[in-house]
Every structure is written in structure tokens, then in C-alpha cells.
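The lines below spell out each chain.
Number of protein chains: 2
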Amino acid sequence: MTDLKNTRITLARRPQGAPVAEDFHIEQAPVPEPSKGELLLKTRFLSLDPYMRGRMSTAKSYAKPVEIGDVMEGGTVAEVVTSHNPDFRAGDIVLSHSGWQAYAVSDGKGLRKLDPDAAPVSTALGVLGMPGFTAYAGLLTIGQPKPGETVVVAAASGAVGSVVGQIARIKGARAVGIAGGPEKCAFIRDELGFDVALDHRAPDFAEQLKAACPDGIDVYFENVGGHVFEAVFPLLNTYARVPVCGLIAHYNQDGGASSGPDRLPGFMREVLTRSLQIRGFIQLEFSDQKDAFLKEAAGWIADGRLRYREDVVDGLEAAPQAFIGLLEGRNFGKLVVKVA
Amino acid sequence: MTDLKNTRITLARRPQGAPVAEDFHIEQAPVPEPSKGELLLKTRFLSLDPYMRGRMSTAKSYAKPVEIGDVMEGGTVAEVVTSHNPDFRAGDIVLSHSGWQAYAVSDGKGLRKLDPDAAPVSTALGVLGMPGFTAYAGLLTIGQPKPGETVVVAAASGAVGSVVGQIARIKGARAVGIAGGPEKCAFIRDELGFDVALDHRAPDFAEQLKAACPDGIDVYFENVGGHVFEAVFPLLNTYARVPVCGLIAHYNQDGGASSGPDRLPGFMREVLTRSLQIRGFIQLEFSDQKDAFLKEAAGWIADGRLRYREDVVDGLEAAPQAFIGLLEGRNFGKLVVKVA
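Read top to bottom, the protein sequences are chains A and B. Under the numbering used here, residues 382 to 721 are what the first sequence spells out, in order. Under the numbering used here, residues 382 to 721 are what the second sequence spells out, in order.
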């Protein structure tokens, strides 16, 4: 084991705006040795998710930032190489949170064993993992779509949005998906079964959205912000629900007030007159629903009602560029890095 | 009956900013005659409430505006003068929606008989009426205060705010009330039992609020907007709930975007990172809770835990000036007009 090196990607500096390659540092370190009760994990897959942009910043958030020089945070699927913990043995595949590195030591806490025969293990990072659960809990607990209602979601070919639209359909609602470019739009419409797919890059996107929602919008699952939100907001019906799960369009805008007229008073007025519900959430709040999610989602996948697409990048060294692309919408499906 | 005149106050024109006396027209009309199945009501009390400002404007809202020349809308307590309706008889006191006029004809629909022995009938417009129910439903259904949590409400000596704070206390929460001037502050603290009373006119109001909420704010019952909201927002805890019931500070600002930096993106970011819930509502949404409210509130009044104060103005002709003062916070307690 001592001959092996642990490739690790650390935060070299805090990004100014969009992250660039120089914000990350790729280094080789000795593979750590597990102590009594611990186990050594070898990363198979690393999940790349938009929330990681928040961890690179010191802006106040729901979680502490990654410190400069520390390994970037991230969910992983890993194989147990050595175990000094009676609950695990070598060869076990686990869902872990090892971050952007090839090896990690764990005390076993928070690990979940995966059954490679039940589903491809990488799905534990996507459709059957945090992103899928985010979609499930946010849509069902906050969005509460009813049959016949209109649910709109952006980044609809992505890890969260794709699940939101499909669960909306399962619950009998109309799913209007917004994605970037004709290929992604075709995918969500033809492969995932969304009722409507709209390209947010179209010059007349706002008009297209209005035409696609003749009865208004009952649920808007917010994961992007920006000009999509601007087009959605006037269409929200009385009693519409807006689970706020992410604002990827703003993640590269650290601090600083936006220019232009102040839209907040008008926003609050509409919240009042249309009895809107705007509700931020992080999936951890709903962790008591996790088991129900895993069971239901596995069933939906089995009967073909919940489909997923992965965008697999090869090698840990490719993670920084893949992550930079994720924030620009260049991925197509759930972005994972195949580490080993 | 034909010798009597019906004093009516109509909308003369739509206000530009704050309403002025000239926006109203006081006129004398014949007292209407009830037809078969109808009854003639004589207004005893007229309720004046901030929402009426919205009815004077054509800005999109949850209810249609009052047309120019039409009688101003409003809840009333009235006495049945003549009844051609078997469900009512002369002398009955009813809660009605006759608007700003001395007499009105009704078909009986939507009227609720009041028992003058149970409570002063004017309370059906305040603590036991729409404002009290607004406080009850918004606080309990959306705000959901838990024992030990901090609930903040502005306009705390008013019809809604006073009930919000007292119910918060009944539910075991801390009630921090905001009011305008030392007299109102003393009232909410000493008479209503709020834990803290703050004067929003104080130059260091924001600092005072922060000091008064050492554990942050769990529920902010929003009925004013403006600089109070600005002071509250940074103090909202993770999972804080904000029932949005009114925005009186903005009611006189018809249309037009506010100047200054755009605070909406930063607001949404905080909604996300602090898992906030912002929820507009109108009490009508919760009308299935009305009976429970009437029963509970009557009990709380009886055992002294729910107190109220009325600001009674004499004569219908005084209604316009009283309403103008209401929007400026010049009332002290629930504002009602004693019509007859």
C-alpha cells in the first residue's frame, strides 16, 4: 500500500466569479493508513454537484466552506480496501463523502452499503442519491403537485431537474422542462416524457413559456434563478409553490448587490396578492423520508417511469474542468467522475 | 322610511400615492327598499382596514377594485330594520359587508347573526372578526410558532398584530412587538403582555431589534414591509417562517419599480441558504378554520389571555380621514367607525 499515491484535489484559492483551473490544486499524497475501527476507502465515483460552488466561497451558507488547501468536498461511491471495522469488509461498496480524492480513511459513520446487483452503483450519487432525493423531497413536500397542475423545472436534463419532471408526471401533473439547447430538450421530451421542453436560450423564451403554460404555473421548482425565474414569476398562479433548491445562475456572483431597479418590493407584493409560497430547502431537512424515497424511486426505475442519464467523466484530474463546465450547463445528465 | 337618507361614501377617483379627502365622495341617496327575500340593514359599525387601499387601485390583486362612483367596500355590523327573509327578523344584529354606507339591502347570503350578549358586537370586525382570524390562521397555519421560539410582528398595537403577539404568547413563544411611538409600545408590553416592545421610529431600531432577538427570529408575521422588514430579514433563523399578510408601508406606492440596487437575487439566496419560508396569504384561504377560531378566541378573551383595543371614530363622514390616518399608523387599536 505504501507505494500507492493518493491523488487529491484541493482548493488552491477562492474563485473570483466563475471558477478556473487555477482555483484547484492537484497533488499526490501518501495513501492514509486506517487505525483501529477505521477503514480505507478507494474512490470509484465522485459526484460533481452545483452546491460545491458554495463550499468554495466564504459567503454565509448552510454549510462551512472548504478551507484553502483542504480537499474539495463531495459525495463518492467507494470500495472498502482495508477494514478494521467489524461492520465492513474489503470489497464492500459504500456511499461515502470522501471528497475529491482517490483514497480516504473513514470511521464508518455515515457510510451506506450499496448492492451492486440492485442498481449501477453510480446511481447512488444521482437518481438514487442526493440529487434524486432533493427532487423527491422538494417536489412532494413543498411543491405538492396535484393531478392536472403545471410543474415547471429548469436544468431539466440534470440530476435534480430530470427527476422533478418525471415525478411530477407520476403524480399526474403536467411537466414543463427547461433546458439549454435542442439536444437536451429532445432528451427530456422524448426520453423522459416531459410534456413540453423549452430551450431557455431562445430569444422568445418567455413567450414560449407563457404559451406552454396556458393555465399558469402551480409549482416552479427553482434550481437556476436568473432569466428563467424572471420568465416564470409572472405566470405563477394563486397558491403556487416555489421550492427553492438552487440558484446556479447566481453561484458565480459572489457578494455585491445587483444593479438595476429593486425588484424585491414588487416581488413581495406578488407573494401577498397571489398567496405564493417561496420555500428554500436542503434535502437534509427531510432525511426521515430517505427510506421511502429509495423504495419508491427504485420501483419507478424498475417499471420504467423514472429514467436517468449520467455524464461520466474519466479520471479525477478531469474533475475541475468538468465542474467548471457544470456551472455553465455543459454537462448532459448527472455529472460523475469515474475515479477508479 | 322614505324620509330617511342613506349616507354613502363612494370612490371619487383613484388615489395617487397616499389617499386624500378628495378621493372620496360623501353623498346622500334614498334608502333602498328590500324586495322579496331581502332585508334592509342599518349600519352600526364600519370596519376600516388597510386592505381597502388595494381596492382603491387597479393594480392586480386578489380582489377586484372598487369602481369609480361605487360605494367603498367594507365589513360592517348592522341591524336588521326590515326583513322579507324568513331567516332574519327586525332587530337582529348581523355581521355584513355593506361597505361605507348607512343603509344597505341584502339577500341574507353571507350574513352572520351576532349575539350582543356574548361580546360587544363591534368585536366581530376586530378581535373576533377578519383581522383576528387573519392573525390566528396566518400565525398558526403558516407561522407555526413553537414554545421558546421568537415571533416578531409589526403594527403590534393594531387589529392583526395585537392578536398575533398574544397568540404567540399563548403558544409559548416569545412575542416581540414593533409599534410606532412610546404610547403604543407601552400598551403592547403592559396591557397585551408582549415580551418586548420596540419603537420602529427609533434611529437605532435595527440594533434594538437585534438585541431583542438574541436567538434570532423564527417567525416574522409580515404586515408592514419597508424598513421593518429590512431590519428583520438578517435576523431570520434557518427554517424561519414569514406569513405575508400585508405590506402597509408600500400600499401608497402604486406601480413603479423602486430605485436602488436590486435586492431580489440576494433575498432568494438567503431563502435558499437559510431554508426560509415566505408565504403570502389571505384569510379566506383558511375559512374552514373559522369556527375553531371563534371558539378558541372567545375562550381566550374570557380568560383574559386575549385582549383588544378599539379606536372608535364617530360618524360615517369621518371615515375618509380615519382611513387616511390608518395608512399612516395614526390609529391606536382596531379602527372602527360608529355609524349609528
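Keep in mind the hints are simulated off the structure, nothing from the lab. A couple of the hints might just be wrong.
Straight line, CA to CA, 30 Å or less: simulated DSSO-like cross-link-like pairs of lysine-lysine [unchecked claim]:
#1 A/Lys527 <-> B/Lys441
#2 A/Lys441 <-> B/Lys591
#3 B/Lys591 <-> B/Lys441
#4 A/Lys527 <-> A/Lys719
#5 B/Lys527 <-> A/Lys445
#6 B/Lys676 <-> B/Lys423
#7 B/Lys527 <-> A/Lys441
#8 A/Lys527 <-> B/Lys445
#9 B/Lys527 <-> A/Lys671
#10 A/Lys445 <-> B/Lys591
#11 B/Lys671 <-> A/Lys527
#12 B/Lys445 <-> A/Lys591
#13 A/Lys591 <-> A/Lys441
#14 B/Lys441 <-> A/Lys591
Here is how each hint holds up against the structure:
no., hint, in the structure
1, A/Lys527 <-> B/Lys441, "holds (26 Å)"
2, A/Lys441 <-> B/Lys591, "holds (18 Å)"
3, B/Lys591 <-> B/Lys441, "violated (35 Å)"
4, A/Lys527 <-> A/Lys719, "violated (38 Å)"
5, B/Lys527 <-> A/Lys445, "holds (27 Å)"
6, B/Lys676 <-> B/Lys423, "holds (27 Å)"
7, B/Lys527 <-> A/Lys441, "holds (26 Å)"
8, A/Lys527 <-> B/Lys445, "holds (27 Å)"
9, B/Lys527 <-> A/Lys671, "holds (25 Å)"
10, A/Lys445 <-> B/Lys591, "holds (23 Å)"
11, B/Lys671 <-> A/Lys527, "holds (25 Å)"
12, B/Lys445 <-> A/Lys591, "holds (24 Å)"
13, A/Lys591 <-> A/Lys441, "violated (35 Å)"
14, B/Lys441 <-> A/Lys591, "holds (18 Å)"
Figure legend: structure checked against the earlier numbered hints; hints not met, in rising order: 3, 4 and 13.
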